[in-house]
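Use these hints to put chain B onto chain A, whose structure you have.
The residues making up each chain are set out below.
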Amino acid sequence: MRRAAWAAASLGFLVAVVSLWWLVAAAKLVNPMFLPGPERAFATLRGWIESGELWDPLGKTVWRMFAGWIAASVIGIALGAAIASSRRARDLFEPSAEFLRPLPASAVLPPAVLLLGLSDSMIVTVIAFGTVWPILLGSIHGFKALDPRLTEVARMLRFGPLQRMFKFQLPNALPEIFAGMRVSLALALILTVVAEMLSSQPGLGHMVLVAARAFRSADIFAGIFVLGVLGFLTNTLMQHLEAYLLRWRPVHSGG
Amino acid sequence: MRRIAIGLIFPLAVIVLWELLGQTGVASEDGFSRPSLVIAALARGLADGTLLTQTGETFLSAAIGLFIATALAVAIGAVLGLFRTLERVTVLTVEALRPVPSVALIPVALLIFGFGQNMSVSVVAFACFWPVLILTIASVRGIDPRLIEVGRMMGFSLSMRIRKFALPAALPGIMVGFRIAAGIAIVVAVTVEIAANPQGLGYGMIIAQQSLHADLMWATLMWLGLIGWIANWGLLRLERRWLRWFWAQREA
Chain A
622 MRRAAWAAAS LGFLVAVVSL WWLVAAAKLV NPMFLPGPER AFATLRGWIE SGELWDPLGK
682 TVWRMFAGWI AASVIGIALG AAIASSRRAR DLFEPSAEFL RPLPASAVLP PAVLLLGLSD
742 SMIVTVIAFG TVWPILLGSI HGFKALDPRL TEVARMLRFG PLQRMFKFQL PNALPEIFAG
802 MRVSLALALI LTVVAEMLSS QPGLGHMVLV AARAFRSADI FAGIFVLGVL GFLTNTLMQH
862 LEAYLLRWRP VHSGG
Chain B
1170 MRRIAIGLIF PLAVIVLWEL LGQTGVASED GFSRPSLVIA ALARGLADGT LLTQTGETFL
1230 SAAIGLFIAT ALAVAIGAVL GLFRTLERVT VLTVEALRPV PSVALIPVAL LIFGFGQNMS
1290 VSVVAFACFW PVLILTIASV RGIDPRLIEV GRMMGFSLSM RIRKFALPAA LPGIMVGFRI
1350 AAGIAIVVAV TVEIAANPQG LGYGMIIAQQ SLHADLMWAT LMWLGLIGWI ANWGLLRLER
1410 RWLRWFWAQR EA
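Residue numbers (this note's numbering), protein chains in the order written: chain A, 622 to 876; chain B, 1170 to 1421.
The shape of chain B in the complex, shown without the other chains:
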């Protein structure tokens, strides 16, 4: 409790200083606005629903992209993790594609999908694909080979072996990849909106900036920080809870 209070001193000091500089006119209202105006803009944005609509657009793009990426990456990663030969043959291709910055695909996505949700979804999916793929390969390869051997000896088909043996054993690692990718998904979704796509919170900030509504711009930025932090915290909790359940199942 004391630590939380101490941690709040710095942000509160910044807010007070910001308000004072704004009130006395040292910091221009057109650029910096003032915390009191920002809070008012935040309340207005929440009350008339624009912020919530934009949040919905951003999060939906992030979620769809994340799930497409996870499904593909887990399927491909499981196969590559099970067959060492395949993994070694594809490694160069993976290493050639992975360092491409996801935002470089914005122009292609713009060309193919035009403005709108699909454009964001495709770039998000590309960005989220790699961490899940890498962690799936690593955790599937880390499975006790005897477990796979048992499956083979019992005459299970490949898809059965993947579903019954490989995936359950690799799940904790895949979950870590999923959480990393979930953080990336929101960041990339907002970034695509800021760079080119006219929807969501990112575009809301751009429009507020271009129409010189500094208060609304700062309010959107704060709102974004807040929900990003909550989402991050929620994912960590979920992962922990889920892993505990997972290990409890194992014990039984």
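Extracted from the complex, chain A is given alone in its bound form:
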């Protein structure tokens, strides 16, 4: 009951913020060319849904985002496991990965356009390359942090390398891998939007930029709303997936 009351208050505040937005727009305190009222943005969104205009760009954006991210996950986890497996490999590759990590992921866009042209595969490649680092580093870290006692147990049970990988190392590394994958998923959406803006490939990013060039502010806000919902949904989905897949893990107090 108390929780419901807080939820209602929280919702009330959000409604108040939207009403304030409506008031500011309706009173024309800000030039309506820059700030459309919420009712105009939602009318645009409804128009998109009714005419079916929304689905094609939305589908393309979602497809690119997940294709790139899944590719990055597979590559990142496999490469991370390989690098973490030997001290020599770690010394060889870890410094390079650490050096490349702070590089803005979007900075690989110009070389990608030059080498691959303005195409769908270019965008997916950029997303995969740009989002692989958090997963790779999480994976290296997770695989390397296996308790030596567990290695001992695996030896005593005469586990082969595959058995050891799937019974001990992978479960042990999963929390860190998932943490990296969640960061990467948010990054994937950002990269998709930027790549679409730059390459003029049909998608949500291209749609909002075209709207800005034509001064159609209601379209921009409707597009931002869709992108926000997309960001929220993917993040929530990932959180639930993470909680479900890691449900066997004892809950630590205080982390």
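You may find that some hints are simply not true.
[Said to hold, decoys possible] Straight-line C-alpha distance at most 20 Å; calculated SDA-like pairs for lysine to any residue:
1. A:K765 / B:I1281
2. A:K765 / B:G1176
3. A:K765 / A:S742
4. A:K765 / A:E719
5. A:K649 / B:F1282
6. B:K1333 / B:R1310
7. A:K765 / A:A800
8. A:K649 / B:I1281
9. A:K765 / A:S706
10. A:K649 / B:L1280
11. B:K1333 / B:F1415
12. B:K1333 / B:R1315
13. A:K765 / B:R1172
Keep in mind the hints are simulated off the structure, nothing from the lab. On a predicted model such as this, the values are computed, not experimentally measured, just so you know.
Frame of chain A, contents of chain B only:
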């Protein structure tokens, strides 16, 4: 020392291979260029000042956006952290705004500010606001309630309570948020330049690519990696040093 040497083997091997493929013509010069040409382009760019001007533009946008975001987020976060009621009432609004990808605001910023620094600054500020806000709320809420109680009993005003009690106790957490946001600031500034804003290093890369100066494009990318890494390293050092000073003050 030995570890650094081993860590250098892989990048050096890549550079040698890249040079060889370029020299023999296996990798096209128009796309991949060659390390020797890239180094020359980097030297030219640094010598004639274009790279430094672009670096200045990118970093200034990032810094202004970062500071606006930090000031706002610390002020709002401190209030939300002190008053649990307010935090619970605003949580839905925060959670609704936070997942909006910062680059989605590029069109709005373009519409309002047009091309130029303000456009970058506003998008950077939006992106940097959230990590600082979340960490400020968390660390202010983690303050010993007795400390706040003491302040209230001594009859301090709200702003005094925030400045004298809440902020100093929450500073280590806020610093962590600031460092995360600083990394985001540079990335977002470059991204805005690549997507739409004709200034800075991001735009320099786009122009180099469009005019088929592959050497200059790779040189700018390398320069960006280098200064990004240095900035990251510097921030870590600063944070560590600062926290040590902070704890030493506490001991005294």
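Comparing the hints with the structure gives:
Restraint check for K765 (chain A) and I1281 (chain B): the C-alpha separation of about 49 Å exceeds 20 Å, so the hint is violated. For the given pair, K765 (chain A) sits about 17 Å from G1176 (chain B) by alpha-carbon distance, which is consistent with the 20 Å threshold. For the hint pairing K765 (chain A) with S742 (chain A), the CA-to-CA distance comes to about 33 Å; that exceeds 20 Å, so the pair is violated. Proposed proximity of K765 (chain A) and E719 (chain A) is supported: the alpha carbons are some 15 Å apart, at most 20 Å.
Between K649 (chain A) and F1282 (chain B), the direct Cα distance comes to roughly 18 Å. Compliance with the 20 Å bound is thereby established for this hinted pair. In summary, the hint linking K1333 (chain B) to R1310 (chain B) is supported, as the alpha carbons are separated by about 15 Å, within the 20 Å threshold. Taken as a hint, the K765 (chain A) and A800 (chain A) pair is honoured in the structure, with Cα atoms around 16 Å apart against an allowance of 20 Å. Distance check on the hinted pair: K649 (chain A) and I1281 (chain B) sit about 15 Å apart at the alpha-carbon level, within 20 Å; holds.
Taking the CA atoms of K765 (chain A) and S706 (chain A), the gap is near 7 Å; set against the 20 Å cutoff, the hint holds. Simply put, K649 (chain A) and L1280 (chain B) have alpha-carbon atoms about 17 Å apart, close enough for the 20 Å limit, and the pair holds. Straight-line distance between C-alpha atoms of K1333 (chain B) and F1415 (chain B) comes to about 15 Å, which keeps the hinted pair within the 20 Å bound. This hinted pair checks out: K1333 (chain B) and R1315 (chain B) have alpha carbons roughly 14 Å apart, not beyond 20 Å.
Our distance criterion of 20 Å between C-alpha atoms is met by K765 (chain A) and R1172 (chain B), whose separation comes to about 17 Å.
The structure is inconsistent with the numbered hints 1 and 3, although it conforms to all the rest.
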